[in-house]
Amino acid sequence: MQVSPKLEVIDLACERGDHRLFSGLGFTLSGGELMQVQGENGKGKTTLLRALCGFVQPVAGAVHWCGRNVEEWDEDFHAQTCYLGHLNAIKDELSALENLLLTAGLADVQLGEKAALDALRRMGLRRKEHLPVRVLSQGQRRRVALSRLLVVDAALWILDEPLTALDVGAVDLMQELIGEHLSNGGMTIFTTHQPLHVAGIQTRELMLS
Amino acid sequence: MAINWFKYSAPSTFYGLAGKLTPWFAWPAAVLFAVGLYIGFFVAPTDAVQSEAYRIIFIHVPASILSMFLYLIMAGYAALGLIFKTRLSSMMASALAPTGALFAFISLWTGALWGKPMWGAWWVWDARLTSELILLFLYLGFIALQASIEDPRRADKASALLAIVGSVNVPIIYYSVQWWNTLHQGSTIKMTGTSMHVAMQQSMFTVLVACWLYAIAVGLSRVRSIILEREANTQWVKELPEVKQ
Amino acid sequence: MSMSEFFYMNGYAFYVWGSYGLALLVFLVEIAMVRNRRKQALRQLRLMNDDGEAA
Amino acid sequence: MTSRLSVFGLLGLVIKRDLLLAMRRRADVLTTLIFFVMVVSLFPLGVGPEPDMLRKMAGGVLWVAALLSSMLSLPRMFSADHIDGTLEQMMLAPQSLTVMVLGKIVAHWMLSGLPLVLIAPVLGLQFDMSAEAIWVLMLALLLGTPVLSMIGAVGAALTLGLRGGGVLVSLLVLPLTIPVLIFGAGAVEAVSGGMDAASNLSLLGAFLLFALVFSPFVASQALRISME
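Protein chains in written order, with this note's numbering: chain A, 1 to 209; chain B, 1 to 245; chain C, 1 to 55; chain D, 1 to 228.
Hints may be right or wrong, so weigh each one.
Stated by the list, open to error - Cross-link-like lysine to any residue pairs, in silico, SDA-like; alpha carbons within 25 angstroms at most:
| id | chain 1 | residue 1 | chain 2 | residue 2 |
| --- | --- | --- | --- | --- |
| 1 | C | 39 | B | 231 |
| 2 | B | 85 | B | 30 |
| 3 | A | 128 | A | 86 |
| 4 | D | 16 | A | 132 |
| 5 | B | 85 | D | 217 |
| 6 | B | 20 | C | 7 |
| 7 | B | 85 | A | 19 |
| 8 | D | 16 | D | 55 |
| 9 | D | 16 | A | 130 |
| 10 | B | 238 | B | 17 |
| 11 | A | 43 | B | 154 |
| 12 | B | 85 | B | 241 |
By construction, these hints were calculated from the structure, which means they are not laboratory data.
Okay, chain A solo, but in the shape it has when bound (with noise of 0.2 angstroms):
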């Protein structure tokens, strides 16, 4: 029986050191939906969103997928998430097309290497799939990174400032990517210092202040 995904923050509350972040925080997140987390610098975008992943311990409150608390979930719960930090996650000795068979492997997504070069290839790296990360720039390191949303199967996408470093056409990419995600029942949150619109949904927004 396939249930729809869900995820529900409950009165959640986070400190960095012992500085209270943000308290009493609650939404529900459902499919096709897409939230885009607001706040000046130090207000714990971050953080929130490193608190969904398991990362950081709530100092109060729960978070809850499908209705029950993802410390019971583990690593079902890892598996319906992709999250994508600050940090690329990417090797630089390696090439693009193996940091991305590496990746899914370890996300335990059976790949095959015909799969793998049309996600890059999808994600604009024609003809640089073999070379090594170490000699591609910035923006197309983010790319290789992205290119991970493609590959993993996960209901949830977590995304820290994806935009960074990505030029226009990336940008658009990302917008039909996510919109893509949402049509087939997903659900996205995300920060931005960018604007990221999605062609017909409705961005929610928290504001964290």
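Please arrange chains B, C and D on chain A, whose structure you already have, making use of the hints.
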């Protein structure tokens, strides 16, 4: 009559409690030190073999015992803090570490000063002295790890894990050093227990109790400072009379 | 037993008093350290409080 | 849910990945090995070339040098993955972190411990060791160096991303490795003294099993603490 222990595990309550308790440990410690050393120096007779030099054991043995036990207690507190997320236990662990390290240092120093007249060498690779040295290293590692992590919560957890790994290792280290020692037929400090004069035992025991009380008193007052440092942003700290003045 | 005999320790004065002297020194230093830490913590807190009231 | 990789599949994947990365950056592996050879070669220069004395020291010297060179490579075990964000992704992977950590430990040992085992006979000859002693030395190193990588992994995970982490990790790990040093060097010494090394070697084997059971889990917990 049920005492609510959890009430006392809140740093705000414990701060006051520790302040009240400290003198109750500190003064008896001072008195017992005086009594123990009086017995040790004036009542206990001169040893036939070691002459007066044996009187070093009245401080050496209690310091060694304390350094070992404090490590285990520290690891226990750290583990409690890690498992039950009680901040106070983690604070207790970090409050005990310097005291334990200093006892290990005293034990090494007095061991050396005892070894010189007995075996003619400042340092013998005796099993107990070697273990004590390794114990000091373990303490230093714990303190260094805690000092180099800025976020106190990560520092607590990381050092707790280290202390647990360390305390699992302590018996292994102890027995391997002992095995190594017998293999190399090194000299071993032996105090023929049964022939010890009653006054010697009394003195050593009294100093041991004094050391315990001292360690508790110092630990309690250090944990008070740690509470103040960690809870600096809370209202109850700001309202303390000693802060307000 | 005279005082000088007691301090002479039958020739082991250096070892015996060296041990107890150091132990005493360590205890005193540690007590001083603990007191100093408390003083520092309180000073820090008062400074923070002053800031808070000024702001 | 998804089709899970088997434990061994995952283990193999992580090991293959780390070895592949190391092959692209061969210098790192070589520096550890060269360091080991250098430290061992310094001892005769320091204490004199009398074969009798060297033979007696050989086991201890080689073991201390192995300990130091494995400390040298420890900080690298997780730091590269930490800096580029791969570690975050590993922790988010729908697979057991403990198994992944075990994979990294095995890879670390293959790159830093195994080369030492293989070069040890050459160094043993420098110290005029008997053939039998060299065999026992290799066997002891084969059993003991994985333990160093395992204990080291806990230290490396605890000091992840800290200032001065490199020195700190040695400070934390070295005292814990003393039993390995004692029994490792003891095995060589026993054989040189005409005794049986079996008890030493079986104790080393016991340490290996003990560390194998606990250290990957403890190291993965340490990583979680450090990543928060």
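These are the hints, each one checked on the structure:
In summary, the hint linking residue 39 of chain C to residue 231 of chain B is supported, as the alpha carbons are separated by about 16 angstroms, within the 25 angstroms threshold. A threshold of 25 angstroms between alpha carbons decides the hint, and for residue 85 of chain B with residue 30 of chain B the separation of about 35 angstroms lies outside it, so the pair is violated. Between the alpha carbons of residue 128 of chain A and residue 86 of chain A the distance comes to roughly 22 angstroms, so the proposed pair stays at or under 25 angstroms and holds. Between residue 16 of chain D and residue 132 of chain A the alpha-carbon distance is near 18 angstroms, which keeps this suggested pair within the 25 angstroms criterion.
Proposed proximity of residue 85 of chain B and residue 217 of chain D is supported: the alpha carbons are some 20 angstroms apart, at most 25 angstroms. Between residue 20 of chain B and residue 7 of chain C the alpha-carbon distance is near 39 angstroms, which puts this suggested pair outside the 25 angstroms criterion. For the given pair, residue 85 of chain B sits about 19 angstroms from residue 19 of chain A by alpha-carbon distance, which is consistent with the 25 angstroms threshold. The straight-line distance between the Cα atoms of residue 16 of chain D and residue 55 of chain D is roughly 39 angstroms, outside the 25 angstroms bound, and the hint therefore fails.
At roughly 19 angstroms between alpha-carbon atoms, residue 16 of chain D and residue 130 of chain A fall within 25 angstroms of each other, so this suggested pair holds. In summary, the hint linking residue 238 of chain B to residue 17 of chain B is supported, as the alpha carbons are separated by about 18 angstroms, within the 25 angstroms threshold. Between residue 43 of chain A and residue 154 of chain B the alpha-carbon distance is near 21 angstroms, which keeps this suggested pair within the 25 angstroms criterion. For the suggested pair residue 85 of chain B and residue 241 of chain B, the alpha carbons sit about 29 angstroms apart, so the restraint of at most 25 angstroms is broken.
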